[in-house]
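Protein chains in written order, with our numbering: chain C, 1 to 287; chain P, 1 to 123.
No lab work stands behind these hints: they were computed from the structure. There could be a bad hint or two in this list.
[Said to hold, decoys possible] Here are the simulated lysine-lysine pairs, PhoX-like style, with alpha carbons at most 25 Å apart:
id, chain 1, residue 1, chain 2, residue 2
1, C, Lys45, C, Lys148
2, C, Lys148, C, Lys51
3, C, Lys86, P, Lys2
4, C, Lys87, P, Lys2
5, P, Lys2, P, Lys96
6, C, Lys148, C, Lys204
[To be verified] Quick list of simulated restraints, FRET-style, between CB atoms:
id, chain 1, residue 1, chain 2, residue 2, range
7, P, Ala47, C, Ala282, 32 to 40 Å
8, C, Thr217, P, Asp42, 45 to 53 Å
9, P, Ala47, C, Glu230, 26 to 34 Å
10, P, Ser33, C, Gly11, 53 to 61 Å
We treat Cβ as the ideally placed atom computed from N, Cα and C, and that holds for glycine.
One letter stands for each residue in the lines below.
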Amino acid sequence: MVIAIASGKGGTGKTTVAANLAFMLDDAQVIDCDVEEPNAHLFLKPVMNTKETAGLPVPVVDESLCTGCGRCGEVCQYSAIVVIQKKVMVFHELCHGCGACAYFCPEKAIREEEREIGIIESGTAGGLSFVHGILNIGEPMAPPLIRKVKERIERGRTVIIDAPPGTSCPVVETVRDADFCVLVTEPTPFGLNDLELAVEMVRKLGIPMGVVINSCTIGDSGVREYCEREGIPVLMSMPWDRRIAEQYSSGMLMLRNLREYREHYGSLITNIRAELSRDETAHCHQR
Amino acid sequence: MKLCVTSTGPSLESMMDPRFGRCIYFIIVEPDSMQFEAVENDASGAAGGAGVQSAKAVADSGAGVVITGNVGPKAYQALSAAGIAIVTGAEGVSVKEAVQNYLSGKYRPVAGATVQAHSGLGG
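Work out the full structure: start from the sequences and follow the hints.
Right under this line is the structure:
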């Protein structure tokens, strides 16, 4: 069971939910896919035991074989390779590593070379196993690194994925293929606006989902009303509590010290499982 | 030599577009006769690589000079490789005035990018 923790709006508590959910599950695998700013390790404090570099295959052109036909530029969707006046130019920072240029080159003048884009570290934290990716500073290509981080998913286990914020390519790459998506939000107009975008994204990906409302004792009722209207289950509502923020800002795992909230996370797990079995039943009926 | 002016519309009277990669039209002008051709910029709304695609479009049009407001690093690199002179600083004038200003020496060719990547997006 792979559960992705995502949100439209940043700073609503994705990592808090992911880390504390993992803490409650105890034997889960935690994958931090927010490769531009991974931070789940700050709370789970894993002992890392492997570190590998991750690369992206980028084209290298043998100009002695290139006839300047321009086929590579036609098939590239990202303008990473272009032929201007018979001269081929490669822009590595635009390349997504799809390999189309090399595949379609009629002269076989293009080979692919790995360009390092980041590192992947893995380790353990108690009964949890932990993996995260760290994108090189200034590197724009997050999705290929996220794909490589996700190759480490152990499908037989309960896997908690901490997603980047927003609804752009890195988030889609993170959330796709998950069995369930938890969208974390806050009860404000900003939270609602970005939640609606995230819901649209998850629906397109065809993944069952539910919402977690953090700081539910402040703000307005917009998020709750929206969820009711759209038939999206609210899986957990956490009150606003200064102590939670204090735990977070000192790098502490909230549930370790604020035991009274363990019940909330217990119901979160129960609710996710209920949604998953409901979804399975629905699928069986469709068949 | 044909000139290319980045433009917001398809005629000589249109306001020129100070963005290179994400301009709406390229107006390719023959300066002696002021005969022109409007080429729609397919890369205007591209997710990425607009500068590179635009440079290719200008090179394919046969223009030897680009008159625009600003140019980013990848577009600069691609245009230079194609041997196209890049003239920046044009803004707030029509395409026709931009051509006249260029011909009277008001704009100067640049030796590098004048803005960072992605400057033509948003704002």
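Which numbered hints does this structure break? none
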